[in-house]
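Novice: Protein sequences appear in the order of chains S and A.
Take 1 as the starting number for the first sequence in our numbering and just add one per residue.
Take 1 as the starting number for the second sequence in our numbering and just add one per residue.
Treat the hints as calculated values from the structure; they're not laboratory data.
Values in this document were obtained by computation on a predicted structure and should not be read as measured data.
Possibly wrong hints are sitting among the right ones.
A pair counts as met if it fits within one copy or between any two copies, since identical chains are not told apart.
To be verified - 30 Å max Cα-Cα, derived DSS-like pairs, lysine-lysine: (1) K85 x K34; (2) K179 x K220; (3) K175 x K85; (4) K86 x K220; (5) K74 x K220; (6) K399 x K142; (7) K248 x K175; (8) K220 x K34; (9) K85 x K220.
Protein chains: 2
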Amino acid sequence: MNASHTHITHTLLLLLLSILIGISVSIIDTIFGKILLLISDFRVEHFIYLIPFLAFVGAIFTYIYQRYGSSATKGMTLVFETTDKKTNETSIPLRMIPFSIVGTWLTHLFGGSAGREGVAVQLGATISNHLGNIFHLDNDRKTFIVIGIAAGFAGLFETPIAATFFATEVLIVGKLYYKAIPFALVAAFSASTMSSYLGLEKFSFVLQDQVPFSLMLIVKLIAIGILFGLVGAVFAKLLQLSKTFFAKHFPNPIIRIIIGGICISIASILLYSGRYSGLGTNLINDSFLGHTIYDYDWIIKIGLTVITIGVGFLGGEVTPLFAIGASFGVVLSSIFQLPFTFVAALGYASVFGSATRTFLAPSFIGTEVFGFSYLPYFLLVCTVAYLVNQKYTIYSAQKYHAS
Amino acid sequence: MNASHTHITHTLLLLLLSILIGISVSIIDTIFGKILLLISDFRVEHFIYLIPFLAFVGAIFTYIYQRYGSSATKGMTLVFETTDKKTNETSIPLRMIPFSIVGTWLTHLFGGSAGREGVAVQLGATISNHLGNIFHLDNDRKTFIVIGIAAGFAGLFETPIAATFFATEVLIVGKLYYKAIPFALVAAFSASTMSSYLGLEKFSFVLQDQVPFSLMLIVKLIAIGILFGLVGAVFAKLLQLSKTFFAKHFPNPIIRIIIGGICISIASILLYSGRYSGLGTNLINDSFLGHTIYDYDWIIKIGLTVITIGVGFLGGEVTPLFAIGASFGVVLSSIFQLPFTFVAALGYASVFGSATRTFLAPSFIGTEVFGFSYLPYFLLVCTVAYLVNQKYTIYSAQKYHAS
Chain S
1 MNASHTHITH
11 TLLLLLLSIL
21 IGISVSIIDT
31 IFGKILLLIS
41 DFRVEHFIYL
51 IPFLAFVGAI
61 FTYIYQRYGS
71 SATKGMTLVF
81 ETTDKKTNET
91 SIPLRMIPFS
101 IVGTWLTHLF
111 GGSAGREGVA
121 VQLGATISNH
131 LGNIFHLDND
141 RKTFIVIGIA
151 AGFAGLFETP
161 IAATFFATEV
171 LIVGKLYYKA
181 IPFALVAAFS
191 ASTMSSYLGL
201 EKFSFVLQDQ
211 VPFSLMLIVK
221 LIAIGILFGL
231 VGAVFAKLLQ
241 LSKTFFAKHF
251 PNPIIRIIIG
261 GICISIASIL
271 LYSGRYSGLG
281 TNLINDSFLG
291 HTIYDYDWII
301 KIGLTVITIG
311 VGFLGGEVTP
321 LFAIGASFGV
331 VLSSIFQLPF
341 TFVAALGYAS
351 VFGSATRTFL
361 APSFIGTEVF
371 GFSYLPYFLL
381 VCTVAYLVNQ
391 KYTIYSAQKY
401 HAS
Chain A
1 MNASHTHITH
11 TLLLLLLSIL
21 IGISVSIIDT
31 IFGKILLLIS
41 DFRVEHFIYL
51 IPFLAFVGAI
61 FTYIYQRYGS
71 SATKGMTLVF
81 ETTDKKTNET
91 SIPLRMIPFS
101 IVGTWLTHLF
111 GGSAGREGVA
121 VQLGATISNH
131 LGNIFHLDND
141 RKTFIVIGIA
151 AGFAGLFETP
161 IAATFFATEV
171 LIVGKLYYKA
181 IPFALVAAFS
191 ASTMSSYLGL
201 EKFSFVLQDQ
211 VPFSLMLIVK
221 LIAIGILFGL
231 VGAVFAKLLQ
241 LSKTFFAKHF
251 PNPIIRIIIG
261 GICISIASIL
271 LYSGRYSGLG
281 TNLINDSFLG
291 HTIYDYDWII
301 KIGLTVITIG
311 VGFLGGEVTP
321 LFAIGASFGV
331 VLSSIFQLPF
341 TFVAALGYAS
351 VFGSATRTFL
361 APSFIGTEVF
371 GFSYLPYFLL
381 VCTVAYLVNQ
391 KYTIYSAQKY
401 HAS
């Protein structure tokens, strides 16, 4: 009776803290996200005056980051390591929050090709980790990191179910941290509701495509899932190669980011003046609105993103992965004779899933962004994409569950 | 390279077998299910001529079952044990299929209060287990059982996503058998598609309720989730008590089922002539169509179901749990001033979830039966119901994950 009593008190405490984490993380997410959108708009308008400074700004930021960032410079790797008892990491320094926010703003202001979820996930994990430590809940360290990831992701994208599955399935490939789902759900819904209340814009597009069920459709979707899975794997592999290549040839991180920044600046100007800078939301919008998508958009976006992240700019990979998937989906739609918005939506979800070695998270991203009735299609394509990519992930500290 | 090659071949073999299992299980599911519905209709029309024979038929069936059923008489317990390496059970006898089918038909023809998913899950697990053994895939025994459960459940209810989560989360409380999800999904979608193609009727009801989001709604839903969780716990606890009470006082299973059968016959005649016999689909329909639901319907349905199953009649508990949840939901709706179809739907899903110690499965049952846009509400209520019931389950062989 006493054990059961303690259990209930503990569960209630975790639920209350989950709400608190969801709300506080979403407030920072909203401020970060709104300013990021303003910055992105500003860059689009003044692109040619900003892009030349990318390398310079990167160098200054890196200098300060290396000098004062302490373990925060490990980024997502530190978040993953804090969940692992075999490492000695038990706490994420609070400075990770301002560093990741400012670093990401700078990346986007000066035209790097990157995401934004890195910040959200890291600030969520940091706040949650600190709250757990304040309450001396050492045994729940992993649970708190998961709650924080869910809150950060949900507060930014306003897709609480996807955020819950992402947080619980991303740490170890082949294993779901099921026990934490109830708390992650509470944190994610709190964060998502709060961000929406605070007016953070959510990307969503209601699919209207009628896709009649047939055996042929299933065969096509499996083929499409394989292709999206391969693109996700290629992205993850190229990101690894980019990191090792630049680290090997330019061991000094400041020199590295200067060389990389110059390459990105030149390429970004030559390639349609900034079409591939920033999050890639322009490519996403063009994909769904039927505007021009070039057959090679997704290839260039992959190239610039793996260089941007590979040389040390902050941000993340998720929104570029959405853009890569959606624009590649448009290309595939004409080959497979399916509605372009339908295939773009499948790519949006499944390329992200393959590159992060998850399949429930992208399936629910798909349904939360494009409509719940398409869940079976998202599940099929994301599962195939997940099964195809047995090896490559964008998270170098992600572990694999022995089967 | 070779290991990765073997891995892909193995994955493909499992996927192909999953499709095969899905299709073959759904064919038997459909035959079983269609005849069961005919039998149920026949009983409703001729109730008074059939109900007196319940004890007699139960006794004869039990005599044959005990004599020739071998380990199949363990029912769901055998299915659970076959997944556990610590037991010596490695194979489910094929005779479980005809025994569970005929036994369940007899229960329903003569007016017992029971479900039907026991048959579906057991025949799915049996077929899948045999296929795995034929291919000597001993290391995948648990995966095959999970695939079979998913196929059986999906083939019967045509809710493939719920079936996948049910199969992967029911074996061990607090743990999801995540690795098997892709295969379970394939089996479940194959089974569900095939059953639908073969014309097995699916219960679904499109909710039209507008429930404006507010803090008050959240508070109400948490309270409702707690109450549904308690009802599920009470059902599971009473089922355990019923089993131990009858086993203690009537150690002979034939005497036991005769005594139980007579009690059920008398009670069923006195209580509105058969209102509480069978699956309880009449209560479900009445709940959603706004017909009369008595405040005590759910209590009597609990009582008759735990006696029917407790004394040894075959069938299952799931559809009665749906009925108990829906009819209790109607009662709660007037107390909480919410649309009755909305609360009935929440009860339909979450009471089943609490009694089986699952929360993803019932959340998706809810969305697959009542509409995807209600997923957040189902997740909230089912998660609360799951957290409330820390102890009681209808599956005596279900294990608990050490936390």
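Novice: Evaluate each hint against the coordinates.
Specialist: Hints and how they fare:
In this homomeric assembly, K85 and K34 never come within 30 Å of each other (Cα to Cα): the closest approach is 36 Å inside a single copy and 53 Å across copies. For a Cα distance limit of 30 Å, the shortest separation of K179 from K220 across copies, 25 Å, qualifies, whereas the shortest one inside one copy, 36 Å, does not. For a Cα distance limit of 30 Å, the shortest separation of K175 from K85 qualifies both inside one copy, at 17 Å, and across copies, at 20 Å. When the C-alpha separation of K86 and K220 is checked against a cutoff of 30 Å, the pair qualifies neither within a copy, at 44 Å, nor between copies, at 43 Å.
Proximity of K74 to K220 under the C-alpha cut-off of 30 Å is found in neither arrangement, the shortest distances being 41 Å within a copy and 43 Å between copies. In this assembly of identical chains, K399 and K142 lie within 30 Å of each other by CA distance both inside one copy and across copies; the values are 14 Å within and 23 Å between. In this assembly of identical chains, K248 and K175 lie within 30 Å of each other by CA distance neither inside one copy nor across copies; the values are 33 Å within and 42 Å between. For the homomeric pair K220 and K34, neither the shortest alpha-carbon distance inside one copy (39 Å) nor that between copies (33 Å) is at most 30 Å.
In this homomeric assembly, K85 and K220 never come within 30 Å of each other (Cα to Cα): the closest approach is 43 Å inside a single copy and 39 Å across copies.
Violated hints, listed in ascending order, are 1, 4, 5, 7, 8, 9; each of the other numbered hints is respected by the structure.
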